[in-house]
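Protein chains: 4
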Amino acid sequence: RSCALVLNKALSSNLIIPDFQGFCGEIKKIYEDLKKVKGGKNADYIPQLSRVNPNYLGVSVCTVDGQRCSFGDTDIPFCIQSCSKALNYAINVAEHGPGFVHKFLGKEPSGVGFNQIGLDKNGLPHNPMINPGAISCCSVLKKDESLADRFDYATNEYKKMAGEEFIGFSNATFLSEKSEADRNFAIGYYLKEHNVFPENCSLFETLDLYFQLCSVEATADSASVISATLANGGVCPTTKEVCVTADSVRNTLSLMYSCGMYDYSGEWAFEVGLPAKSGVAGSIFIVVPGVMGICVWSPPLDELGNSYRGILFAKMLIKKFAFHQFDTVQGDVKKIDP
Amino acid sequence: RSCALVLNKALSSNLIIPDFQGFCGEIKKIYEDLKKVKGGKNADYIPQLSRVNPNYLGVSVCTVDGQRCSFGDTDIPFCIQSCSKALNYAINVAEHGPGFVHKFLGKEPSGVGFNQIGLDKNGLPHNPMINPGAISCCSVLKKDESLADRFDYATNEYKKMAGEEFIGFSNATFLSEKSEADRNFAIGYYLKEHNVFPENCSLFETLDLYFQLCSVEATADSASVISATLANGGVCPTTKEVCVTADSVRNTLSLMYSCGMYDYSGEWAFEVGLPAKSGVAGSIFIVVPGVMGICVWSPPLDELGNSYRGILFAKMLIKKFAFHQFDTVQGDVKKIDP
Amino acid sequence: RSCALVLNKALSSNLIIPDFQGFCGEIKKIYEDLKKVKGGKNADYIPQLSRVNPNYLGVSVCTVDGQRCSFGDTDIPFCIQSCSKALNYAINVAEHGPGFVHKFLGKEPSGVGFNQIGLDKNGLPHNPMINPGAISCCSVLKKDESLADRFDYATNEYKKMAGEEFIGFSNATFLSEKSEADRNFAIGYYLKEHNVFPENCSLFETLDLYFQLCSVEATADSASVISATLANGGVCPTTKEVCVTADSVRNTLSLMYSCGMYDYSGEWAFEVGLPAKSGVAGSIFIVVPGVMGICVWSPPLDELGNSYRGILFAKMLIKKFAFHQFDTVQGDVKKIDP
Amino acid sequence: RSCALVLNKALSSNLIIPDFQGFCGEIKKIYEDLKKVKGGKNADYIPQLSRVNPNYLGVSVCTVDGQRCSFGDTDIPFCIQSCSKALNYAINVAEHGPGFVHKFLGKEPSGVGFNQIGLDKNGLPHNPMINPGAISCCSVLKKDESLADRFDYATNEYKKMAGEEFIGFSNATFLSEKSEADRNFAIGYYLKEHNVFPENCSLFETLDLYFQLCSVEATADSASVISATLANGGVCPTTKEVCVTADSVRNTLSLMYSCGMYDYSGEWAFEVGLPAKSGVAGSIFIVVPGVMGICVWSPPLDELGNSYRGILFAKMLIKKFAFHQFDTVQGDVKKIDP
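Protein chains in written order, with this note's numbering: chain A, 86 to 423; chain B, 86 to 423; chain C, 86 to 423; chain D, 86 to 423.
To be clear, the hints were calculated from the coordinates, so they are not data collected in a lab. Keep in mind that this is a model prediction, so the values were computed, not measured. Mixed in with the good hints, there may be bad ones.
As the list claims (entries may be wrong) - Just some of the chain C residues that point at chain A, by a computed CB distance under 8 Å: (1) 271; (2) 274; (3) 275; (4) 278; (5) 282; (6) 400.
For each residue, glycine too, the CB sits at the ideal point set by N, CA and C.
Using the sequences and the hints, build the whole thing.
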C-alpha cells in the first residue's frame with residue numbers, strides 16, 4: 086500500500102505544477118486585483134494602438150506539460166510588436182546558428198537608453214531585443230529568399246511555437262508603422278553606413294520585414310503557448326513539435342532576461358528575475374524556464390513603454406511564487422514553490 | 086522488489102548530483118587540461134599580488150548537500166579581493182534588509198567601464214559589485230560600531246559561510262592596497278560630495294574597511310563552501326548554519342550574475358549563465374544555484390582583470406554540463422545534466 | 086613738404102597691408118616650402134574625389150581692399166564640399182535673421198566627434214558647421230520655394246560673394262554623394278524624428294539641396310574672394326557689393342572659429358586662431374577678419390579630414406604673421422604685423 | 086592749417102578710445118540700468134560667499150593706455166575664486182613655456198559639464214579654466230619650491246598685473262574652501278591615479294595652493310588693471326611693467342574665450358565674443374584685446390554659476406559697442422566703434 090502511494094506521488098509529481106487548480110486560483114486572485122487597477126496610457130504614435138480599448142486585460146498560462154488557464158480578454162487579437170524581436174532572434178539562431186547570427190549583432194545590454202543610436206565595442210548593434218539589433222536580425226532572416234517567403238517563413242514559425250493557435254496580421258498597423266518610422270529609418274541608414282547588414286541586403290526590404298513582423302497578431306492564449314515553447318526548450322507543449330533548438334532557446338532566454346523590458350530591463354532582472362519581452366501594444370511574454378509560459382496583455386503603458394498592469398502582474402506573481410531565477414527553496418523562504 | 090528499486094532511486098536522487106564520482110572525474114579532466122594552459126599575467130599594481138606563483142591552480146567543488154572534491158592548489162591562501170564585494174553585499178542585505186541597503190547603492194549593470202566614476206539615474210553608485218557601490222556598501226555595514234567590530238563582524242560572517250574553514254588576513258596586502266588607492270580615494274570623495282554615504286560616515290574608516298575586507302584570505306576549498314552557501318539559499322551545506330537570508334541570496338546572485346565579472350559580465354551572463362564574482366588575485370567564486378559552489382583560483386589575469394584560466398574553466402564546465410541558467414533539458418540537448 | 090609726407094603716409098597706411106609686395110613674397114616662400122611636402126591621402130568615398138591629382142596645390146590671397154596674389158593651381162575648379170556649410174549659414178542668417186535660423190540649429194561646438202548623431206541640450210543639432218546642423222540649415226534656406234529656385238538662389242549668393250568669379254557645379258559629384266549618403270540619410274531621419282525641420286519640409290529635397298551645394302565648384306582664386314567678403318563684413322572687396330549682413334558675418338566667423346575644422350577645431354582655434362572652414366576636397370577657406378581672405382587647396386587629407394598641406398600652410402602663416410585673433414602687438418612680440 | 090589738423094588727429098587717435106569721456110558716459114548708463122536689476126543668488130556652499138551683500142555692484146574699466154573709469158562698489162575686496170585659474174595659467178606659461186605646461190593639461194573646451202571628472206583624448210585634463218586642469222596647473226607652478234614661496238610668487242605676479250593695486254587674501258575663505266572640497270579631492274586623486282601630475286608632486290600641497298589662490302582678493306578696480314594687462318599683451322598699462330609673455334597672453338585669451346564661463350562658455354563666445362573668466366564670488370574679468378580690461382562684480386549668480394548681472398552687463402556692452410571679436414566695422418553696422 087505504501088509502495089502504491091510512493092508510485093502515485095512519483096507520478097503526480099511528474100506534473101510540473103502538481104496542484105494546478107490551486108495555482109490557477111492564485112493567478113485568478115492576481116487577475117481580479119489587477120482588474121481594479123487604473124494607470125498608464127495606450128501608445129499613441131499610431132492610431133491603431135491609441136484606439137484599442139484600454140480596459141482590456143488578459144492573463145493566460147500554459148505549463149510545459151500543457152496545463153492551461155486563462156482569465157479575461159485572452160482571445161482578442163493584439164499586435165505583438167516588439168515581442169516579435171525575441172521570436173525573430175530565436176528563429177534566426179535556430180536556422181543559422183548563433184555564430185552566424187552574432188556576426189550581425191551583439192549579446193549584451195546596451196547600458197544606454199533603448200533607443201539610442203550607437204554600436205557596441207565590436208561595431209555591432211548591442212542585442213536583438215532593441216531596435217538596431219532587431220532590424221539587423223531581420224536583415225539576416227532567410228536573407229536570400231523573397232520578402233514574401235521570408236514573411237511566410239517567420240509567421241509559420243510563430244504559428245508552430247503557438248501550437249497552431251491564432252496568429253494574424255494587421256495590415257493597417259503595418260502601414261501606420263511604416264509611415265511613422267523616422268527613427269527606424271535613421272537606425273537603418275546608420276547600420277547600413279557601418280556595414281552591419283549582410284551583403285546585398287536591401288534596407289527597404291529589411292525594414293518592411295521588420296515592420297510586418299511587428300504587425301503580426303496573437304492573443305494572450307496563443308502567446309502563452311509561444312512563451313511555454315520557450316520555457317520548454319523549444320518544444321511546443323501542446324503539439325510536441327520541436328520548434329527551435331535548445332541553443333537558440335538558451336540564448337533567447339538570456340537576452341530576454343537581461344534586455345527584454347526596454348529601459349526597465351535591469352530593474353526587471355533584479356526584481357522579477359524571469360526572461361520576458363514586452364511590446365508596445367501592451368503585451369508581455371513571460372517565461373518561467375522549465376515550468377510555464379505566461380502572456381499578460383493590457384494596452385496602457387507606463388512611462389518606460391511597458392504595460393502598466395503587466396509590470397504589476399509580474400511583481401505580484403513573484404511576490405507569491407518562488408519563480409525568480411535566483412529564488413531559493415532553502416533557508417527562511419515564505420514563497421510558494423507550486 | 087520493483088518497489089524497493091523505486092524507493093532506492095528516490096533516495097539516491099535526493100542527492101543533488103546522483104553520480105558524484107562521475108562528475109568529479111569530469112572536473113578532474115578539465116583541471117588537467119587547464120594545467121597545461123599558459124596565459125594571462127598576475128596583477129602587478131602591488132607587489133603582494135605580482136609575487137604570487139603564477140603556476141598555482143586550484144579547483145574546489147562543494148555541493149549543496151556537502152559532497153566535495155578538490156584538484157590542485159586548493160589549500161593555499163589567497164586574498165579574496167573583489168570577491169569580498171559579493172559577500173559584503175550579502176551580509177549587508179541580510180543584516181539591514183534590501184530596502185535600507187539600496188538607499189545607498191543601485192541594482193543594475195552600469196553599462197560603462199567598471200571603473201568609471203559616475204552615478205546611476207537615481208544618483209547612486211550602480212551596483213555593489215563595482216568599486217563605487219562596494220565602497221558605499223562598506224559605509225553601511227554595521228555603520229554605528231567601531232571599525233574593529235565591523236571588521237570582526239564581517240570576517241565572522243565570511244567564516245560562517247565558509248563552514249568555519251580557513252579565513253585569514255594579509256596585512257601586507259592591506260597596507261599596499263591602501264597606499265595604491267588613488268582611484269578609490271577619488272571615488273570615495275566623489276561619493277561623499279554626492280551625499281551617497283550615511284550620515285556621520287567617516288570616509289577614511291569606510292575605505293579602511295573596504296581595503297581590509299579585500300585583504301581577507303581564503304583557500305579554494307574554503308571559498309567553494311562560501312559559494313555553496315550562496316547556492317544553498319544562505320544555509321551552509323557543511324554546518325547547516327543559516328548564514329544569510331533567502332532575500333539576500335536572491336539579490337546577491339542576481340547581481341553576481343549581471344555584474345560580477347568586471348567588463349566581461351555581459352558576455353559571461355550570455356555564455357556561462359551563472360552567478361559569479363572574480364577577484365584580482367585570480368579567484369572566481371561560481372555559484373550553480375541549488376546545486377553547488379565552485380572556486381577556481383589561478384593568479385594570472387586576462388586583460389579584463391579576470392583569472393585567465395578561471396574563465397577557461399567556466400567555459401569548459403558549461404560546455405560539458407547543462408549549468409547555464411537557461412540551459413534546457415528538453416529538446417535536442419547534448420549536454421550532461423549531472 | 087613734411088606735411089605732404091604725413092599725408093602720403095596716411096594714404097599708404099590706408100591700405101590694410103601697406104607693403105603688399107613684401108607680404109606676397111613671404112606667402113610665396115611658404116607656398117614653395119609646401120610644394121615639397123608629401124603627406125595625406127585624397128578622400129576616397131566617391132571616385133570623383135579620389136581621382137583628383139594629389140599634387141595640386143593652390144594658394145590665393147585677397148585683401149579687404151582688393152589686393153590679390155596667387156601661387157600654384159589657383160584656377161582649377163574643385164568642389165567646395167563642407168565649405169558650403171559656412172556659406173549656407175551666412176546666407177541663411179542674412180536672409181532670415183539669426184533668431185529664425187537658430188530655431189533650427191545651435192551655436193556651440195558639439196564636444197563630441199563631428200559625425201556623432203545627437204542633439205544639443207535644446208534638442209537641436211549643435212551648429213551649422215557639422216552635418217546635422219548643416220542639413221538643418223539647408224532645410225530652412227528659402228524653404229517655401231522650389232528646389233530649383235533654392236539652388237539658384239544659393240549659388241547666386243555664392244557668386245556675389247566671389248565677386249562674380251568662377252562658381253561651377255559638378256553633377257557627377259552630386260550623384261555620387263547622393264548614392265553614398267547612408268550617414269546623411271540616418272542624420273536626416275533622426276532630425277525628422279526629433280521635429281528639427283520646419284513644417285512641411287521634405288527630407289529628400291533638403292538632402293538633395295545639401296548634396297548639390299556640396300557639389301558646387303570654386304577655384305582657389307574665387308574662393309579667396311569669398312573668404313575676403315567674410316573678412317570684410319559681408320561686402321565683396323572686388324565688386325563692393327553688400328552680400329551678407331554684418332550680423333550674419335559675425336555669427337558665421339564665430340562658428341567657423343570654434344567649429345569649422347572638424348575634430349581639429351579646438352586645436353585650430355588655440356594654435357591658429359582664425360575663422361576657417363575646410364572641405365573634403367582639400368580646400369580651406371581662411372578668414373583674417375578685417376584684413377584678408379585666403380584659400381588654400383591641396384586634395385590629400387590628414388586623418389581628421391582636413392587638407393594635410395592646408396593645415397601646414399596655416400601653421401606656417403601664423404608662425405610668421407601676427408594673425409591669430411589673440412596675437413598681440415605689444416610686449417615681446419617677434420611676429421610680423423604686416 | 087590743414088596739416089596741423091591732420092597731425093592733431095593722428096595724435097588724438099593714438100589714444101585707443103579717442104572720446105573716452107563719451108565712452109564712460111555709455112558705461113555709466115549701463116551701470117545705472119544694471120543697478121535696478123534683481124536676480125540670481127549668492128553662492129552658498131561656504132558661508133564666506135553667502136554672507137556677502139548681494140546688492141554690491143562694481144564696474145571698472147582700464148584701457149591699454151591707462152585711461153580709467155569706475156562705477157559703484159569698485160574698491161570692496163572680493164575673492165577672485167576661479168578668475169585665478171586664468172592668471173595661474175598665464176603665469177605658468179610665461180614661466181615654464183607652453184610646451185612644458187601643456188604636458189600636464191589640454192587646450193580645448195571639454196564639451197561636457199564643467200565639473201565632470203574625465204580626461205581628454207590625450208589623457209590630460211581638458212583645459213586650465215575648469216577644475217581638473219586648474220588643479221593640474223597649480224601642480225606645475227614653481228613646483229620645486231616651498232608652498233610658501235609658490236604662494237608668494239603667484240600673488241606677486243597677480244600684484245604686478247594689477248599695477249601694484251589691491252591684492253589681498255581671505256584666510257577664512259581658504260579654510261572653508263578646503264573643508265568643502267570633496268569634489269576637488271576626488272578630482273585630485275583621479276588625476277594622481279592617471280599620472281597627470283609632475284613627479285614628486287604632493288597632492289595635498291597642490292590642492293592647498295589651488296584653494297589659496299582661489300581665496301586671493303582683488304577689487305573691481307585692481308581686477309580691471311589685471312584684465313587690461315592681458316588686453317595689452319602682458320604689459321601693465323599703468324606701470325608699463327612686462328608681466329607675462331605675448332605667447333602666454335595669446336594662449337590665455339584663447340582659452341578664456343572658449344572655456345572661461347563654465348557651461349555658458351559656448352554661448353558666451355558666440356554672443357559676446359570676448360575672452361573672459363568668471364568666479365563664484367560674482368566677478369567677471371573681461372578682456373577687449375588691444376583695447377581695454379573690464380571687471381564687473383556682483384555676487385548673485387545665475388544657475389550656471391556666472392554673475393547674473395555680470396552676464397547682463399556683457400550683453401548690454403556688446404549690443405552697444407563693436408567689441409565682439411568678429412564684429413565688423415564694414416557693411417551695415419550700427420554699433421559704436423569707440
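Violations among the numbered hints, reported as their numbers in ascending order: 5, 6
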